[in-house]
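S.K.: Hey, can you work out the whole structure from these sequences and the hints?
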Amino acid sequence: MIYIASDHAGFELKERIKASLIGEGHHVVDMGNDRYDRDDDYPDFIIKVAKAVSRDSESKGIILGGSGQGEAIAANRYDNVRCVVFYGLVTATDPTDVTGRMSTDPFEIIRLSREHNDANILSLGARFLTNDDALHAVKLWLETPFTNEERHMRRINKIER
67 MIYIASDHAG
77 FELKERIKAS
87 LIGEGHHVVD
97 MGNDRYDRDD
107 DYPDFIIKVA
117 KAVSRDSESK
127 GIILGGSGQG
137 EAIAANRYDN
147 VRCVVFYGLV
157 TATDPTDVTG
167 RMSTDPFEII
177 RLSREHNDAN
187 ILSLGARFLT
197 NDDALHAVKL
207 WLETPFTNEE
217 RHMRRINKIE
227 R
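Our numbering numbers the first residue of the sequence shown as 67 and each following residue consecutively.
It is possible that part of the hints are untrue.
Lysine-lysine pairs mimicking BS3-like chemistry, simulated, CA-CA at most 25 Å apart [what the hints assert, rightly or not]:
{"no.": "1", "residue 1": "K126", "residue 2": "K224"}
{"no.": "2", "residue 1": "K84", "residue 2": "K224"}
{"no.": "3", "residue 1": "K84", "residue 2": "K114"}
{"no.": "4", "residue 1": "K117", "residue 2": "K205"}
To be clear, the hints were calculated from the coordinates, so they are not data collected in a lab. The model shown is predicted, which means the values in this text are computed figures rather than measured ones.
M.R.: Next comes the structure, spelled out in structure tokens:
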């Protein structure tokens with residue numbers, strides 16, 4: 067089950083993602099908005115996805131807004147929700163990791179959000195993504211499994227409510 071929602075800023079992209087997911091055979095539940103309304107408020111729709119994912123550990127959620135930031139903040143208020151933001155193709159230009167490692171793959175953050183954090187909601191910043199990049203990110207995110215390694219489980223258990 068994939069729950070999806072957006073405000074006005076993400077409405078068109080949400081509709082494209084939803085059609086793509088349905089075309090791939092996924093079961094998608096659209097939690098709103100069901101029409102473009104420039105005066106709508108993202109919490110009215112995002113909270114529905116967060117509550118649904120919080121109750122169903124096998125489900126995933128995709129939420130969209132202008133930046134994806136406020137949407138993620140709203141979603142992460144709910145138990146068992148681990149929402150991450152993706153808003154575009156960004157890579158480091160200078161390594162800041164203590165090991166000197168630097169990612170050159172802008173989609174690596176999508177994989178890591180699933181492999182290391184078992185993220186169950188993906189928040190997309192519609193104003194920062196092309197349609198193709200958003201669709202690729204969603205596909206990659208849904209296809210990437212959680213590694214279930216002890217160190218990652220330990221960390222997740224420390225933040226779960």
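S.K.: Would you mind confirming whether the straight-line C-alpha gap from K84 to K114 stays at or under 25 Å?
M.R.: Distance ~16 Å between K84 and K114 Cα, so the pair holds.
S.K.: Need the status of pair K126, K224: alpha-carbon distance at most 25 Å?
M.R.: Distance of about 21 Å is within 25 Å: holds.
S.K.: With the threshold set at 25 Å, check whether the alpha-carbon distance from K117 to K205 stays at or below it.
M.R.: holds (23 Å)
S.K.: Is the Cα-Cα distance between K84 and K224 25 Å or less?
M.R.: violated (33 Å)
Consistency with the previously given hints fails for number 2 only.
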